[in-house]
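Let chain A serve as the given structure and place chain B on it in line with the hints.
Those protein sequence lines, which keep their order, are chains A and B. So the first sequence is numbered by our numbering: it starts at 1 and just counts up by one. So the second sequence is numbered by our numbering: it starts at 1 and just counts up by one.
No lab work stands behind these hints: they were computed from the structure. Some clues are possibly wrong.
One copy or two, it doesn't matter: identical chains are merged, so the pair holds either way.
[What the hints assert, rightly or not] Derived DSS-like pairs (lysine-lysine); straight-line CA-CA distance at most 25 Å:
id: 1; residue 1: K73; residue 2: K46
id: 2; residue 1: K7; residue 2: K274
id: 3; residue 1: K7; residue 2: K223
id: 4; residue 1: K7; residue 2: K73
id: 5; residue 1: K145; residue 2: K186
id: 6; residue 1: K146; residue 2: K186
id: 7; residue 1: K164; residue 2: K56
id: 8; residue 1: K108; residue 2: K73
id: 9; residue 1: K164; residue 2: K223
id: 10; residue 1: K186; residue 2: K155
id: 11; residue 1: K223; residue 2: K422
id: 12; residue 1: K283; residue 2: K261
id: 13; residue 1: K73; residue 2: K274
id: 14; residue 1: K164; residue 2: K186
id: 15; residue 1: K127; residue 2: K164
Predicted, not measured: the structure shown is a model, and the values here were computed from it.
Protein chains: 2
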Amino acid sequence: MDFEEMKERIDCLYEERNLTELKNYLNDINFADMAQLLENVSDERKRIFLFRLLTKENAADTFVEFDADTQEKLIHAFSDNELREVLDEMYIDDTADIVEEMPASVVKRILKNTDRETREAINTILKYPEDSAGSIMTPEFIDLKKDMTVEDAFKRIRRTGLDKETIYTCYVTDASRHLIGVTTVKELLLNDYEDIIEDFMETNVISINTLDDQETASNALSKYDFLAMPVVDMENRLVGIITVDDAIDVIQEENTEDIQKMAAITPTDTPYLKTGVLETWKKRIPWLLLLMISATITSQILTTFQNKLAAASVLVAFIPMLMDTGGNSGGQASVTIIRSLSLGEIGLKDIFKVIWKEIRVGFICGASLGIVCFAKLMLFDRIVLGNSAISLSVSVVVCLTILFEIVAAKIIGCTLPIIAKKIGFDPAVMASPFITTIVDAISLLVYIAFAVAILRI
Amino acid sequence: MDFEEMKERIDCLYEERNLTELKNYLNDINFADMAQLLENVSDERKRIFLFRLLTKENAADTFVEFDADTQEKLIHAFSDNELREVLDEMYIDDTADIVEEMPASVVKRILKNTDRETREAINTILKYPEDSAGSIMTPEFIDLKKDMTVEDAFKRIRRTGLDKETIYTCYVTDASRHLIGVTTVKELLLNDYEDIIEDFMETNVISINTLDDQETASNALSKYDFLAMPVVDMENRLVGIITVDDAIDVIQEENTEDIQKMAAITPTDTPYLKTGVLETWKKRIPWLLLLMISATITSQILTTFQNKLAAASVLVAFIPMLMDTGGNSGGQASVTIIRSLSLGEIGLKDIFKVIWKEIRVGFICGASLGIVCFAKLMLFDRIVLGNSAISLSVSVVVCLTILFEIVAAKIIGCTLPIIAKKIGFDPAVMASPFITTIVDAISLLVYIAFAVAILRI
Numbered sequence: 001m002d003f004e005e006m007k008e009r010i011d012c013l014y015e016e017r018n019l020t021e022l023k024n025y026l027n028d029i030n031f032a033d034m035a036q037l038l039e040n041v042s043d044e045r046k047r048i049f050l051f052r053l054l055t056k057e058n059a060a061d062t063f064v065e066f067d068a069d070t071q072e073k074l075i076h077a078f079s080d081n082e083l084r085e086v087l088d089e090m091y092i093d094d095t096a097d098i099v100e101e102m103p104a105s106v107v108k109r110i111l112k113n114t115d116r117e118t119r120e121a122i123n124t125i126l127k128y129p130e131d132s133a134g135s136i137m138t139p140e141f142i143d144l145k146k147d148m149t150v151e152d153a154f155k156r157i158r159r160t161g162l163d164k165e166t167i168y169t170c171y172v173t174d175a176s177r178h179l180i181g182v183t184t185v186k187e188l189l190l191n192d193y194e195d196i197i198e199d200f201m202e203t204n205v206i207s208i209n210t211l212d213d214q215e216t217a218s219n220a221l222s223k224y225d226f227l228a229m230p231v232v233d234m235e236n237r238l239v240g241i242i243t244v245d246d247a248i249d250v251i252q253e254e255n256t257e258d259i260q261k262m263a264a265i266t267p268t269d270t271p272y273l274k275t276g277v278l279e280t281w282k283k284r285i286p287w288l289l290l291l292m293i294s295a296t297i298t299s300q301i302l303t304t305f306q307n308k309l310a311a312a313s314v315l316v317a318f319i320p321m322l323m324d325t326g327g328n329s330g331g332q333a334s335v336t337i338i339r340s341l342s343l344g345e346i347g348l349k350d351i352f353k354v355i356w357k358e359i360r361v362g363f364i365c366g367a368s369l370g371i372v373c374f375a376k377l378m379l380f381d382r383i384v385l386g387n388s389a390i391s392l393s394v395s396v397v398v399c400l401t402i403l404f405e406i407v408a409a410k411i412i413g414c415t416l417p418i419i420a421k422k423i424g425f426d427p428a429v430m431a432s433p434f435i436t437t438i439v440d441a442i443s444l445l446v447y448i449a450f451a452v453a454i455l456r457i
Numbered sequence: 001m002d003f004e005e006m007k008e009r010i011d012c013l014y015e016e017r018n019l020t021e022l023k024n025y026l027n028d029i030n031f032a033d034m035a036q037l038l039e040n041v042s043d044e045r046k047r048i049f050l051f052r053l054l055t056k057e058n059a060a061d062t063f064v065e066f067d068a069d070t071q072e073k074l075i076h077a078f079s080d081n082e083l084r085e086v087l088d089e090m091y092i093d094d095t096a097d098i099v100e101e102m103p104a105s106v107v108k109r110i111l112k113n114t115d116r117e118t119r120e121a122i123n124t125i126l127k128y129p130e131d132s133a134g135s136i137m138t139p140e141f142i143d144l145k146k147d148m149t150v151e152d153a154f155k156r157i158r159r160t161g162l163d164k165e166t167i168y169t170c171y172v173t174d175a176s177r178h179l180i181g182v183t184t185v186k187e188l189l190l191n192d193y194e195d196i197i198e199d200f201m202e203t204n205v206i207s208i209n210t211l212d213d214q215e216t217a218s219n220a221l222s223k224y225d226f227l228a229m230p231v232v233d234m235e236n237r238l239v240g241i242i243t244v245d246d247a248i249d250v251i252q253e254e255n256t257e258d259i260q261k262m263a264a265i266t267p268t269d270t271p272y273l274k275t276g277v278l279e280t281w282k283k284r285i286p287w288l289l290l291l292m293i294s295a296t297i298t299s300q301i302l303t304t305f306q307n308k309l310a311a312a313s314v315l316v317a318f319i320p321m322l323m324d325t326g327g328n329s330g331g332q333a334s335v336t337i338i339r340s341l342s343l344g345e346i347g348l349k350d351i352f353k354v355i356w357k358e359i360r361v362g363f364i365c366g367a368s369l370g371i372v373c374f375a376k377l378m379l380f381d382r383i384v385l386g387n388s389a390i391s392l393s394v395s396v397v398v399c400l401t402i403l404f405e406i407v408a409a410k411i412i413g414c415t416l417p418i419i420a421k422k423i424g425f426d427p428a429v430m431a432s433p434f435i436t437t438i439v440d441a442i443s444l445l446v447y448i449a450f451a452v453a454i455l456r457i
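Same shape as in the complex, but just chain A (with noise of 0.2 Å):
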């Protein structure tokens, strides 16, 4: 798996035209490998003269793992006959994928070197709105009938399995395809010859339904150990699958989507080196023009307080302090809550245990981080330091405030991202950023609360 290795080994044999030995060599190597050293290939007409020399199988699941720029120059280059023999490899739901992704012209010539069979499937993917669990199936696996003995489960599975993504889980469906059973290559293989799968099939089968999220299915998958979440339409009919390599690359990009809108970005699934300068300043620009703009509200509480800020101007120097002790407190919370509610550990019927659970961590959170920051403002800052502005009494303001804005950052960082939730909204969004600035204003408003009560202002 050395990539260095590989790649001089294909350049060497290259220079030397040596084919049946390169061609012997690139064969050998796992697809997943073989994309990714192509994509480094800089030269155009050397990446498809290499690609050439796959073999129709190893090509179509070389081509499967390209990103879409390759996928489009590649596409160019081929032949229609070419382009044929690799689509013919291919399994539907990656050929509707591929198609998603292509400018009109490419998807229109993909659509003329494809089977009237295989373009009405695409069609049907297509149709699913996105991210639901219908775009990502595949309408390939094996259907058994409950009547069938294991004998006949195995020829079909013979005859029809080479093409199909999984043949380890068999479905049994009904004369109108309804799904009415399941069960596995491996239960096959420990069951008799002449025995009938009606009699040991699965009968409480679990399934999700085209039109749920594809994260949904994903856990599902996840959550039963399954190696495929079989997907069935409003009246139960079976209509494709979803296998578990691709469940694995959903829950990847999903966490991948939650964690760039925790940190206020508009998601995207453009690898970053892959996504454009200007590309990038979108995701980012609206969030913090949001943000910046939501500031306006601490801007006005300090111009408000100006004058007792000014009578007292050391309490100026531990804003930025609170602000970040507040923000870092409240994203904890929120952050820890969006992950639970994600995993689905923690649901809407939480809230009041949550909200208890987070005032009690934030008290004891706020009290020992309080008595820190005292100690430290009297011994090192007054003693060591010797700024002799920071008296006892604005110790105390400062470390009150640090109290109660943990409890109060604690309450909103867990509060919110429920909401965000029970009112249709994606929780993710409520995360630190969002949460800092609200946390930012009580912050402040408590600390000036205090000064002008203790310090008399």
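Frame of chain A; chain B shown alone:
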């Protein structure tokens, strides 16, 4: 899959003591759902009663899904006989997971009730470092010899497959257990009964070392779309496999861990509602303390330039806005880079490409935010709100600071995670909260420098 319905039905059958019906109903429920249902039964006696109605196989599957707490309680309630039955049905990697979580007395009882072979296998797994591939693998896999025919292979699978977690990927080993090939049940089914395995097995086998990180193993499994990843020792001897369902769990765990670290929380894999208040406090307080204390720098900066700020007190009003904007910009960059590093989209070698991109993104983000801020200050704050203290030069100072701090925040945000990775730290700890502290200090210095230069204070 309606939990409330299932719960009611069970309660009803339980009240009626309708054992036959109850037994049938319980054994029809998927083990993952079953575990969730039983965990929510608060009456200990009722739980063990219901659990005892499960078939041996269902009982073991359900038991594995319970949290450690419930497992421990059940083990205490089990007779030795019952415990042995459950352990017999469990896969070795699952038993090892449980042994790891239990107190010594329970571990002793578990080991006493397993056979010698299992005990040795568990001990081997437990000896591998935490989070290594070896610690999550299972030693139960299908191994074949290269001179077997397809028929021999199926015979072997039928004979030994029952206790194996997965039978679909079959590994070909030589006499000293070296991994020399791999094939799948699909391949076996699609070849003729008399074909020899050596003729069609894949010899370019991708495997993982026992000491590799579990995350590396899971990512590789996902990259290559495997159902199981073979794990070999230093001599390339096959010692176990990691199955796809465990790989998904690792991926989710690592994602949770990254997200927690990014939010300045010490990672934990206990679900939110099961973590006590003190436990949660312990996970959150270290970072809050560290970040609060490091904010001493900003306090020092503000104290040092106290007189300058007093001369233009309007500047104080914008400090929270500047801090937040810098923190958010840096957070966007760092989180994007952390995620790309963890998905393997970028590596150490890309550092200059990354910095160059972030400088450009930072510049146009900074320029656009600066312009909007300038317009807002001059039109809204000055004219609409009538704040005459906001002069043209004050606005220029604020907006130039925004431009500079954003570029700085982007550079720091993208550099620190890569450097962390380089020196062997987890990049995720270099996320927003940490970067905020650094960016705050830089922003303040830039702000004051501009103020001194432009406002001549």
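Now the hints, each set against the structure:
no. : hint         : in the structure
1   : K73 to K46   : within (13 Å within a copy, 64 Å between copies)
2   : K7 to K274   : within (22 Å within a copy, 50 Å between copies)
3   : K7 to K223   : between (40 Å within a copy, 19 Å between copies)
4   : K7 to K73    : within (21 Å within a copy, 56 Å between copies)
5   : K145 to K186 : both (17 Å within a copy, 20 Å between copies)
6   : K146 to K186 : both (17 Å within a copy, 22 Å between copies)
7   : K164 to K56  : within (16 Å within a copy, 34 Å between copies)
8   : K108 to K73  : within (15 Å within a copy, 62 Å between copies)
9   : K164 to K223 : both (24 Å within a copy, 20 Å between copies)
10  : K186 to K155 : both (15 Å within a copy, 13 Å between copies)
11  : K223 to K422 : within (23 Å within a copy, 36 Å between copies)
12  : K283 to K261 : both (10 Å within a copy, 23 Å between copies)
13  : K73 to K274  : within (15 Å within a copy, 52 Å between copies)
14  : K164 to K186 : both (17 Å within a copy, 10 Å between copies)
15  : K127 to K164 : within (22 Å within a copy, 40 Å between copies)
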